[in-house]
Amino acid sequence: MLNYLALLPTLPLVGFLILTAFGKSLSKRSVVAIGVGSMALAAMLTIGIAIHFLSAPPPGHVFEQHLWTWFQVGDLAPGFSLYLDALSLAMILVITLVGFLIHLYSAEFMRDDDAYARFFAYMNLFVSLMLILVLADNLLLLYLGWEGVGMCSFLLIGFWYKKPENSKAAQKAFIVTRVGDTAMAIGLFLLITQLGTLDIQELGVRASEKWPVGSGMAVAAAALLLGGAVGKSAQLPLQTWLPDAMAGPSPVSALIHAATMVTAGVYLIARTHALFALAPVVLTAVMLIGLLTQLTAGISAVHQRDIKRILAYSTISQLGYMFFALGVSSNGAAINHLMTHACFKATWFLAAGAVIIAVNHEHDIFKMGGLGKKLPVLFWTMFFAGCGPFFSKDGILAEVWFSDTGGPFLWLLGLFGVFVTSIYLFRLLFTVFLGPLKNDVHWKPGLAITIPLVILATGSVVGAIVEYPRLLGYHPYATGTEAAHASPYLHAAIGKIAVGVALAGIYVAYRLFVRHKHYEAGEVVVPHITLRMRRLFAAGWYFDRAYHAAFVVPFQATSRFLRSELIDRGYDAVVALVQTGHRQIRRSQTGRLRWYAAGIAVGAVFCLGAVLL
Amino acid sequence: MNPIPMEQSLMVAAMLFSLGLIGLLVRRNVIFMLISIEIMLNAAGLAFVVAGSHWQAADGQVMFLFIITMAAAEVAIGLALVLRLQSDLPTLDVDAMDQLKGGDDA
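Protein chains in written order, with my numbering: chain A, 1 to 613; chain B, 614 to 719.
In isolation and in its complexed conformation, chain A is listed as follows:
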């Protein structure tokens, strides 16, 4: 079964090729058969591979499949090779299973769209490249997938490209992530020149041989890779593209901007952990970035009105949690949160998409209300899915408490984040589904929407009970937690405090948005916060404005200045000189024979004079 691993990225790729080549002439039914069918096959294949991998583990719990050598330049010969271990197994399960359910949902969700085939073509291409990203055994192949999914993200955010703001959002996402990708590319060049290989396993070995812990090279390499991860996973300071990326269709937000692509940064750090372990400074930076991101984005999420922007800020915040865990070297907790969050956030995005359709394309949650009775399936799947991540978060918080770089203070800040999370999630849920009915609903989600929601919500709840990565044999936890395992009781207790805080947050949200009817006023979100602060939070801490002032405005001013062609002025002067000279000399060309004869005579006199005198 494992030998069919190469088939996994191939299946959606074939779907993409067929849909691109014949998409226009196919009926919607056959588009679904190809687009969703290829994903169904890929999902089944993944389950088969997972069962094989767990029941009859390959030697060293690693399966490698070398397909061909990509190219060879000197000593560098990156292969087109796949590498399957517990980490990539976890990722391919998320990508294909969640991906398949989202494709199934899209079959109904996008039914009325004219560009049905184009949508599924992009989605299939995305899944294929995402699988290449997580299965790559060297960083160059990973980079192929990395840039490929970035491109698909661009194409799908701007899917409804006829609206200029959608195209702008797509460009913004592409350009902002490009900042991080450039850092990552430089990191790859550094690794090639310093270590002479891009094979991930080999890199870890060579780096620890060549670079002592904390050496400048190791810090530079890790920091550059972190740059790429920060861009892709929308962390501070490159998080600004994700809220705007919500311009894409809801299934796109669910698949790319919640479950899979944005977690690529988390995957990258977990995958190249050997490098990061050599640079403790960078690991601390990862932790602080994660902590700051989850706090700032969480507070912003509480102040959004657009249902999808709330979820976008929530995603940024949850990704911050994963970075938080990675920063204390607790990759297991990070991947656990990644998997649970993928189910949870996919459910919420898909349900939000359905809600938006049901209320006739209204995005403002304060113009919705009482939908719980009309759309019970959406309410309950969202409710149950929303409970899952609190349990995966308590794992992270316990790890932070016990880690060497963490500690009770950071734990407390993380705990505050949990509190904020439960407030903004249940603010959304209560405002939209409870209270008096405000909207006409003439639409019921069909089976293709209900089934994925129920399965994903179940996945989120089950993820709260069992830790998926442990199930798959992936459990690298922080070294400091040896102390924790010495006192598992304390470890569990510290984690469970998070659950208690989350419940407190839900209660607060209930008091604020149901009992006190603050949702009626719309603007009042949390009392005792001034209007100016609310604006600051709602605008995402003015990052957009700051970047506009710091980069866009100077760039535009420079272009405007250069458009006056300062350098060209010099060349223009040469041209003018030649043209004037030409105009003057041309006047001597009278066409008159006698004028020319006189010219010859005068010239001859001059020449004779010069010779004789």
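Because the hints were derived from the structure by calculation, they are not lab data.
Here a beta-carbon is modelled for each residue, glycine too, at the ideal position from N, C-alpha and C.
Don't take each hint at face value.
Unchecked claim - Partial list, derived from the structure: chain B residues whose beta carbon lies under 10 Å from chain A:
hint	residue
1	L634
2	L637
3	L638
4	V639
5	R640
6	R641
7	M646
8	V707
9	D708
10	M710
11	D711
12	Q712
13	L713
14	K714
Following the hints, put chain B in place on chain A, whose structure we already have.
Relative to the frame of chain A, chain B by itself:
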């Protein structure tokens, strides 16, 4: 018979040449311009002959024969051109033939 001094002969040649040149520059009739060219050619020929007699060499007279041949050929071509031009532009005024002048749009 006293030989004519070379200076005087050359002076005559120079005067003839100047007359031819002035005729070329001031006359607008193309026939007269051809005649002026002939005068200039003969002035040059006279200078060769004078030089040949001064140095007692035949070269000057040989050169004059060449000049006469060339002048005959030039007149043949020149008159042919005049006939063509006269049929195209019904005038002998050379200033009317200024189509090769540099225009402002050129």
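Flag every earlier hint the structure violates by its number, smallest first. Of the numbered hints, all hold.
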